[in-house]
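Residue numbers (this note's numbering), protein chains in the order written: chain A, 1 to 434; chain B, 1 to 272; chain C, 1 to 309.
FYI, nobody ran anything at the bench for these hints, they're computed from the structure.
Check the hints yourself; a few may be wrong.
Cross-link-like lysine-lysine pairs, in silico, DSSO-like; alpha carbons within 27 Å at most [said to hold, decoys possible]: (1) K185/A <-> K296/A; (2) K329/A <-> K54/A; (3) K329/A <-> K128/B; (4) K81/A <-> K268/C; (5) K268/C <-> K330/A; (6) K268/C <-> K426/A; (7) K89/A <-> K128/B; (8) K268/C <-> K128/B; (9) K227/A <-> K268/C; (10) K268/C <-> K329/A; (11) K268/C <-> K108/A; (12) K329/A <-> K62/A; (13) K108/A <-> K128/B; (14) K185/A <-> K221/A; (15) K387/A <-> K311/A; (16) K329/A <-> K236/A; (17) K126/A <-> K311/A; (18) K273/A <-> K268/C; (19) K89/A <-> K329/A; (20) K89/A <-> K268/C; (21) K128/B <-> K182/A; (22) K128/B <-> K81/A; (23) K161/A <-> K296/A; (24) K89/A <-> K330/A.
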Amino acid sequence: MKKRAWFPRAVAGGATLALGLTLTACGGDGASAGGDSGTIHVLVYGDSANKVEKAIVAEFNKTSKVKAVLDTVPGADYQQKLQTVINTKQAPDVFFNWGGGSIQPFVKAGLLLPLDDFIKKDPGLKDNFLSSVFNTAVVDGKSYGVPMRGTQPVLMFNNKKVLADAGVQPPQTWDELIAAVKKLKAKGVTPIALGGGDQWPTLMWFEYLYDRVAGPELFTKALGGDKSAWESEDSKKALSMLKELIDAGAFGTNFDSVKFTDGGSPQLLASGKAGFELMGSWEYSTQQDASPDFAKNDLGYTNFPTVAGGKGDAANVVGNTNNFYSVLKKTEHPEAVAEFLKLMYSDDFVKQQLAIGNLPTTTNTTKFLDTADNPDYLKYQFDLVDKAPSFQLSWDQAYPPSGITPIHQAVQQFFNGQVDADGFIKAMQALPTS
Amino acid sequence: MRRRPNYLAGLGALLWLALVGLPLYVMLGATVQTREEYSAGGPLAFPRSFTLDNYIQDFGNGFGQYFLNTVVVTVSVVAIVLLLVPPLAFTIVRNRGRGTSGVFRLFLLGLAIPAQAVIVPMFYVISKAGLYDNLIGVILPTAAFCLPVCTLILTGTMRDITSDLFEAMAMDGASVRRTFFQLVLPLSGSGLSTIVVFSALQAWNGFLFPLVLTQSEETKVITLGLYNFRTQYGINIPGLLAAVVLSTIPVLLVYLFARRALVQGLMGVGGK
Amino acid sequence: MVSLTATVTGKRQTQRPAGRSIGRPGLAWALPATIFFALFAVVPLVLVAVLSFTTWSGLGSPEYAGFDTWARVFQDPVMIKSLWLSVLLTVLGVVVQTPLSILLGVWAAGPQRNRAVLSAIFFVPLLLSATAVSVLWRALLDPNFGVPSQARWLFGDGNLFGTQTAAIGVLVFVSTWQFTPFHALIYQGATRAIPQVLYQAAQIDGAGTVRQFFHITLPQLRNSIITSMILMIVGGLTTFDTVLILTQGGPGTDTTISAYYMYDKAFKGFDFGAGAAVALMLVVVATVISLVVVRVSGYDKMAGTKEGL
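Looking at chain A on its own, in the form it has when it is part of the complex (with noise of 0.2 Å):
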């Protein structure tokens, strides 16, 4: 015991310093972040396209005196991050959104600034987008956010190769897809990649082929508060032809246990374990940056297929608009902020955009599709959306946020054959309507 004895009091000792040195050392950073004098935080969804963010607000602090600080946040916790820091004090200065619902509880808590101010004083960051995208951000009357990545059509992806070796062409209709399934089965890959995992890629399934079997009304209906709509018959046979799909076995079955946003899905394309992936057009930037090879070479791409007697029209795309940055009220630097988002129609900002494969909304992008680094898949993808009589938002940001879960469990267990068409039907007409 004896030999011991300097060990308490050194400890003692030492304890006693290094609480002062970091309670002084914390303080000090506590003074600054209240303070924050000359910075503005940036709060985006983490993934591959955070290399543009990054560049973006490199060239902002390059010139301005205020900095811009970039904050990401895996895509995967994003929202429920976003809510939880809102309403505190270290919430940022400006946030990625998806624009309609997913902002309208922030513009009633009062909590965002109306981006009207900015656009009396520069009419540029309402003009220079295409006016239908920078509406998805209108809540209202008032805007209250700037378009700030690229539209995100989703497009049916497929891996070339695969594909030429089952002697499978890219389906243009729901029979060619069965028995393009059928064929790949036949050859031991799982036909159709799926972050069932993640959920919202299961989701997609349902929005094509509602939209494909009833038209975009049918979801503007059940979303407007009529619940009838979700028993209807055509509801009915979508969930049907699903149904089919799944048990023809075109997503193999492990699909819950895989996930996009952890590189999963993506992975089993690139590496011919999968022929298909259903997904928002940025598949092409996750391919470009976790296997550049494959993106460059083996990486095809269709619109969703046609079904024979639907309703809706074969040109009709579902994803989200764009991504949007909205401005909280309590930012100390308003000037800075409306300064940075001038950036989001800047040429530079473009033609970053284009080279990872997104397709800004700005006016000016058209000028800028033959530099990008795969300008047929932006053309593609511009033809695409101009095209499109219909462009449905993805059901899970166009609810209310409550609803989120909710629709995101019933796709899963409808797909893992926990519930059946009834089951799911109910679950739709539960969800909470605006």
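Given chain A's structure and the hints, the job is docking chains B and C onto it.
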């Protein structure tokens, strides 16, 4: 007389060896391979090359910062515990008042409060106090939740100081403070080292408080860094597992050099 | 995680030997720690009760809602299911881990020569944080990029996170992997404390190893079994990190245990009132179960406080 070895338990032990050893082997094996080699060979293949790139990349991806933050949190938590617990335990052991037994009961009750139970109001309080996304906001609750166990351990140690010694001190006319610094602290070495290890482990491995109470890169601790890495780059298995190994190295070092203190700290209770 | 074994230790304090009052610290010495603890543990616990009678979305301020929040929580089928799942997971944990850790602990207490080296490896899972353990196993068990892709004979299609049975199996397995060493340590200490005389007497009577194990070792380990079981119960009911990282409560809500459901309600669904109600229920259930175990076993009447290590 020698007991015969227990074959039944021995069999279980062998099975356990495989169960623990295999994953650890796969983990270490994966971290020294390139991503390409790992995806080609799969997790069970024997690594053919050796690279430390995964570790270096992890440091580039912010794990250096996370490490530093975790060190700040750990040191601060240990410091708070060492400042608060010894005087408390001293009072509990030596003060006979009714108030003291009330205090002791309060801390015993505290043993039954899981951190999950208070995370909602903790979020409310910390964000109202303006400490959201600030390491202080993680340090304070983490330290508070170490107190019950640490108090229990240290009162156990201090009770073993015989009353003869206290009486001798009193005979010399020693003040309470002198008794504390010259008698109690020097004789509580083993208990003190146990609570240091216990609270350091709690702080180092803490996850729930940082998960809910922080958000930005500057305040990210290593467990949260692991979780985010898994969420966004889950299939970069070599990089991910290298991060797991990195997060464990400090604990491993303590295990190698101070195994006894670590085991007692791990056990929390019973560290007499 | 560390339990109520302490309640027992606390009892000793009333019979402290009398001494002179000189050199005894005043209550002021205990004040800083008490205030600090009250502020960061007791106040939040009271607040959790208060919040459970409000609705709060994280935006704006909590609003009083009376028993509405509680009514809503109890009408939620997922909530009821989560309680059952918590209990199921806890019971499975106890049933699987107890025999394993007894065997391992008794073995580690023995005199074998290779024991030191092997037990150094055995206890490595203890060193990893729950986060690290979960991340490790999620990577190892990935259906396409982990071990199942190479061991189809064992894992089939590797859909370990897609069915309830498999997902629960994974959760039980991972927590067993992580916590068995801890409980084995408890048994190791206790086994070493068993007087050798008992074994010598048994050997003279001609009892074999197995008989000795069942007639001497196990009965002597009774206290440790109770300690370890209380720790498992409280730990099991509050399992969180593992579920968040491995299954996110899925598939569907099939592994949504109460502790995760609380987090999900509060920090994903932004219904902090309901989250608080579930949290409060969790505290009550864990405390009640522990007290019942202590009562039923008569553990509170025993004096043994040393069997931990």
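Hint-by-hint comparison with the structure:
1. K185/A <-> K296/A: holds, 26 Å
2. K329/A <-> K54/A: Within the cut-off at roughly 24 Å; holds.
3. K329/A <-> K128/B: holds, 18 Å
4. K81/A <-> K268/C: Holds, because 8 Å separates the two Cα atoms, which is no more than 27 Å.
5. K268/C <-> K330/A: holds, 24 Å
6. K268/C <-> K426/A: Judged against 27 Å, a Cα distance of about 23 Å means the pair holds.
7. K89/A <-> K128/B: holds, 8 Å
8. K268/C <-> K128/B: holds, 20 Å
9. K227/A <-> K268/C: Holds. K227/A to K268/C sits at ~25 Å (cutoff 27 Å).
10. K268/C <-> K329/A: Holds: K268/C and K329/A sit about 24 Å apart, inside 27 Å.
11. K268/C <-> K108/A: With a Cα-Cα distance of about 19 Å, the restraint between K268/C and K108/A holds, given a limit of 27 Å.
12. K329/A <-> K62/A: holds, 25 Å
13. K108/A <-> K128/B: holds, 21 Å
14. K185/A <-> K221/A: With a Cα-Cα distance of about 38 Å, the restraint between K185/A and K221/A is violated, given a limit of 27 Å.
15. K387/A <-> K311/A: Holds - the C-alpha atoms of K311/A and K387/A are around 17 Å apart, at most 27 Å.
16. K329/A <-> K236/A: violated, 45 Å
17. K126/A <-> K311/A: Violated, because 35 Å separates the two Cα atoms, which is more than 27 Å.
18. K273/A <-> K268/C: Measuring from Cα to Cα gives roughly 33 Å; hence the hint is violated.
19. K89/A <-> K329/A: holds, 12 Å
20. K89/A <-> K268/C: Given pair K89/A, K268/C holds - Cα atoms ~20 Å apart, limit 27 Å.
21. K128/B <-> K182/A: Violated: K128/B and K182/A sit about 58 Å apart, past 27 Å.
22. K128/B <-> K81/A: Holds, because 17 Å separates the two Cα atoms, which is no more than 27 Å.
23. K161/A <-> K296/A: At roughly 13 Å apart (the allowed maximum being 27 Å), K296/A and K161/A satisfy the hint.
24. K89/A <-> K330/A: Since the Cα atoms of K89/A and K330/A sit roughly 9 Å apart, the hinted pair holds (cutoff 27 Å).
Hints 14, 16, 17, 18 and 21 from the list above are not met by this structure, while the remaining hints are.
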